[in-house]
Amino acid sequence: MFKDTIEVVSTGLSIYELVNKSRPSLQRLVKRLRGGEAKIVVFGAGGTGKTTLGKMLAGESDPSILADYEESRTTEKFNFKREQSGIIIIPPGQGRRDDEWLAAFRQVSDGKFRIIINVVSYGYHSFREISYVSDKLYQQGMTVEEFVEIYTEKCRQKEINQLKEISTPIKMSKAVPTLMLTLVSKQDIWWQDRDVVTKHYSDSEYNNTIQEILSTRGTANFSHEYVSTSLIINGFTSGTGEPLKSIASDYSQPLQFANLAEVFKKIDEFCQ
Amino acid sequence: MDSFQDDIKYENRIVPEDRDKLIALLEEYSAKLQKKCDYIDRSLIIIKTFLFSIAIISAVACVYAIAYHKRMDSSTHFFILMVSFLALSASSMSLFHLYDDDNELERKNIINSHNHETHALAHRLNKLVGIASGFYEHVEKKEISKIELDLKISEAESVLNYYDSIIGKPKSYSYKK
Ligand SMILES: Nc1nc2c(ncn2[C@@H]2O[C@H](COP(=O)(O)OP(=O)(O)O)[C@@H](O)[C@H]2O)c(=O)[nH]1
Ligand SMILES: [Mg+2]
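So the protein sequences, as listed, match chains A and B.
The first sequence begins at 0 in numbering that gives the first Met the number 0 and counts up one residue at a time.
The second sequence begins at 0 in numbering that gives the first Met the number 0 and counts up one residue at a time.
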């Protein structure tokens, strides 16, 4: 699912430079996706990193822009203007926005997307404006760790429920060649638990749903892969800025680079 | 660690009791922004109508000058032709800029000159929507209250979308080299 050894040590590079270095492969991607409407769709719960990913793929990689969590009001579209055709669409992940999901589902079952990315983050879903002590899961006297444990547990359940929702249109979709990626983001937060995280996605309810999709769609023109990276290294904070979980001490920028490059490579390979 | 936690428990946090206040604020600010946007929208229509009239009048003058040039002396003819031609190109170019979706600058200037408050208002409403949406997702437990909150947020969002459509906020992030 991820690289935990670093082959290329690329110290001194900012994420901005890394994304730009990876641009040639993405330009190839865009070229291969020529001749149609929306081509990549990014699903995932609110606060998992969909917008950040979209910005990176579209070439906007200024870290200061990436770090700000603005809740997405409507479906975002990232156009590759020069190429005219490559489009990434991202329906907002909040529970209230299910109507936008339905619109995207319709396009999924029409076979409009060549690449479907589902972003999950082992339950570390960022939220805005609200202190964790205001969260309905918080109970008097709880420690931060206890809160994070029950909060992420609930979010992980949400991730599985959402996968089940998107699995329906994927199963029903027209038989066009499709790559589905599960992107497990926010490595910097859960890196110390990476064995548990790997097991959670590849060997339990999440993967059962993936297997269901695979057996319905067949493997002739459909494939699914797990990829994982940190999009930014930021730790986990509440909506009012309280630190909830710090950056894993054994995580590092070279690891992020190696994994992010791997994600780009997977997308690129599909486009060959 | 404990005292740090106690501090933030009482500082700048939204509590379940804030619900009614939040809904009232959403209603108030949605209505305010709606009013401003309506005003700006009307101003834009008036400007567009004005520019259209100029374009049409100068086009007619142009045609007239060409069709009846034999009845005029050549300097009058030249003068009418030049003036109407200039007016026509100026007004149609401005119109083109106003209708061009990529060109938000022109519209923004008009809006700015009309009203500085509107931006601030939209900004605040956007923030309010963020708080309310966080409240909906994280704080509110009762289903019926969630439904009400959802409706109020949606109303505010449609006003914000209206605002975006008037100032021509880019609908997509373009990939620039
Ligand atoms: N620590 C950490 N934070 C991330 C990562 N990716 C995204 N974020 C943050 O998570 C928050 C939500 O990201 P966003 O892309 O807006 O999520 P969306 O709601 O799915 O569109 C933002 O504050 C991001 O900076 C990551 O890999 N690690
Ligand atoms: Mg988003």
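Wrong hints could be hidden among the right ones.
As the list claims (entries may be wrong) - Restricting the straight-line Cα-Cα distance to at most 30 angstroms, the calculated cross-link-like pairs of lysine-lysine (DSS-like) are:
1. B:LYS20 <-> A:LYS163
2. A:LYS157 <-> B:LYS151
3. B:LYS141 <-> A:LYS264
4. B:LYS34 <-> A:LYS135
5. A:LYS170 <-> A:LYS153
6. A:LYS76 <-> B:LYS141
7. A:LYS157 <-> B:LYS126
8. B:LYS47 <-> A:LYS135
9. A:LYS163 <-> B:LYS140
10. B:LYS20 <-> A:LYS153
11. B:LYS141 <-> A:LYS163
12. A:LYS157 <-> B:LYS31
13. A:LYS153 <-> B:LYS34
14. B:LYS31 <-> B:LYS69
15. A:LYS76 <-> B:LYS20
Claimed, not checked - What follows is a set of in silico ranges between Cβ atoms, one per label pair, in the way DEER data are often shown:
16. A:THR73 <-> B:ALA23: 36 to 44 angstroms
17. A:LEU101 <-> B:GLU116: 35 to 43 angstroms
18. A:SER248 <-> B:ARG123: 18 to 26 angstroms
These are calculated hints, taken from the structure and not from any lab test.
Because the structure is a prediction, the values reported are computed rather than measured.
Here a beta-carbon is modelled for each residue, glycine too, at the ideal position from N, C-alpha and C.
Hint check, failures only: Going through the list in order, the structure violates hints 1, 3, 4, 6, 8, 12, 13, 14, 15, 16, 18 and respects the others.
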